[in-house]
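Novice: Below, each chain spelled out in residue letters.
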Amino acid sequence: MGIEGLTRRARRRANLVSTTYSLQQSAMPLVDPFSILAFKAGRAFRREGTNTVEPSPVKGAIVIERGEDDLLHLLWKNRETEETDEDLIVFPEDASFVRVEQATGGRIYVLKFTSSEQRHFFWLQDASSERDEEFVLHVNNLLQIPGYVPEWNTTTEPQTSGASSSQSAAPAAQSSASQPTPEQLAQLRALVNQMSGTVSAEPEVSLIDILTPANLGPLFTSHPELVSSIFPHLPPDLPVPPSPEVLSQIVSSPQFRGAVVSLDRALRTGLLGGLMSQLGLPAEAGTSVEAFLRAIREQAGQGPSGPERMDTD
Amino acid sequence: MSGDDDPSGWQLTESDPSVFTQLLTTLGVPLVVDDLYSLDAAALAPMQPLRALIFLFKWLPGAGEPESTGGQYDADFPGFFAHQVVNNACATLAVLNALGNIPQLPMGKPLGELIGFAAGMDPQTRGMVVTSADWLREAHNALSPPSAISLDGLNLPKTTEDAYHFVVYVPVLGAVYELDGLKQSPIRHGEYEETGEGWTKKAREVIETRIATYPPGALEFSLLALHDDPLPILQKRLAQAHETNDVLTASELSQQLASESAKRERWAFENSLRTHNYVGMIHALTAALAKAGRLDAATEGAKAAMKQRIEAQKAKGSFSEDDYA
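Quick mapping for you: the protein sequence lines, in order, are chains C and X.
Numbering of the first sequence is given in the UniProt record's numbering, commencing with residue 1 and proceeding in unit increments.
Numbering of the second sequence is given in the UniProt record's numbering, commencing with residue 1 and proceeding in unit increments.
The reader is advised that the hints may include incorrect statements.
[Stated by the list, open to error] In silico EDC-like cross-links for lysine to aspartate or glutamate, where the CA-CA straight-line distance does not exceed 20 Å: (1) X:K236 <-> X:E252; (2) X:K263 <-> C:E245; (3) X:K314 <-> C:E204; (4) X:K291 <-> C:E298; (5) X:K58 <-> X:D74; (6) X:K291 <-> C:E225.
[Unchecked claim] Residues of chain C placed beyond 12 Å of chain X at every Cβ, according to the derived structure: (7) T50; (8) T52; (9) R66; (10) V136; (11) Q144; (12) V149.
In short, the hints are calculated from the structure, not lab data.
Glycine residues also receive a C-beta, built at the ideal position from the N, C-alpha and C atoms.
Model the full structure from these sequences, guided by the hints.
Specialist: Structure below.
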């Protein structure tokens, strides 16, 4: 039956495994310690009966990782629902990621296989096309060269240390929902670096301008019952009893304001989905400052506000 | 004060006296650290006997460093000197270089064992041993915000300034020494007179000479004094004054005690703020604004503020999202 048949059968069997895997994964953040490479990409589909391929506007990401089956997987994750909607096993030298020359705009790529007729179309979604070549090169090298480890031009930790340490740390790391392990942080750091361009050119709104003493001070006096809802979140080793005055002091402190700036910056990376679940917020709340505010409004029973935008980001 | 996420696991800490004093408490050492705004004898008097001086500085862009700071390298230095092998550990390393040279200093068991263990080593090895002590690294990291909130691991674009550089001045066997973890050996600045003011007189000369060698405005620096914790001392003296019915002294001491206690409470408050993870609080505050129906107005105001900021930056010719930090 030859390798062709073997791969088809193995793929079907592996896809059963990977479906279960992806169901489990849908509850997890976008990237995890198994991920080797990730970048923003949408899917495109051939219109039936034609040769036209149309991009779907849904925001997603291509994530390449080594699965539990020790095979290389190319996943397409939906960034809006956090689900893994596509999970493809790629065997060495079987697949390639090629630009579709005829596509105007030039950012449409096709994943094709030598062993089958399967074609999967994607379009690059990062607002900047500066790193397109770099990503595509790494994708192809990963698909073609067994044991390939991408290296990046910018200064981050070498992928090797991140990838190898994650293999051993993964089972423990995945089970702990609270603090990320150093290995996970290293992976996240490398992956965020790959996904650069997440910091858009001009931010519209920042938390630091919302959580000002000017906005919060009057709140403390007018809504004492809301004030006590903040008390459980104060430093547990605070040497003085909580009170509106103490709350005002804290909110004006450089430590608090520094934390707001940090969170604001982190929200701009769009990768805080995992952290949001700890706050009882949907993962989507971690994709931007606006999404965070939207989710909080909904949680407070106010309903979302502001127009929806579906394009590159 | 987020900094490079050092692969060795040491986080960058702030250089406030409250942070240093908290570290000393954790190490079981009955000393405190205070800011010094002057090296005059009068300014130092309340803190005498001083155990060490820490000079922290960073060069501003464009300035260089003078060739030498006076004194002579002493490769045969008999005391404790460790090289700085991890940048982020610089503050704790400086503290250790001071503590390791204070005779008969009470200290917690782990520190005592570490210093004893490192006794016969060369400075480089000693530096590595100190940096590999997990318990010390944990004590050091406990002084800064939890990494989950600072999210340094996400390699966000940084506005970080470089870390301060620390130099310790300490009296050892009759001479004033300068311990700089980035230099090959300690520098011996010469003997001092035990009488009168003691070693700080000599240290003052050395430090003032050093500061004078930089072009004006070339560096930012601070001075810290490492000295005995005044609280137990004041309390003991107050008790004595009560016993001898020395009302005047008792009154003076009470005031000093109150002032010192107030300062320490302020430090305890700052430290608890410094090490807290604010994500929950930020969420709760934003939700409170929403429940009070004020989040929309606040958001509109924030958008206007951001627009203004962007316009202002464009007028200046550059924009960085970090400018509003």
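Novice: It remains to establish, for every hint, whether it holds in the given structure.
Specialist: Each hint tested on the structure:
no., hint, verdict
1, X:K236 <-> X:E252, "holds, 14 Å"
2, X:K263 <-> C:E245, "holds, 19 Å"
3, X:K314 <-> C:E204, "holds, 15 Å"
4, X:K291 <-> C:E298, "holds, 10 Å"
5, X:K58 <-> X:D74, "violated, 25 Å"
6, X:K291 <-> C:E225, "holds, 11 Å"
7, T50, "holds, 43 Å"
8, T52, "holds, 39 Å"
9, R66, "holds, 21 Å"
10, V136, "holds, 22 Å"
11, Q144, "holds, 28 Å"
12, V149, "holds, 17 Å"
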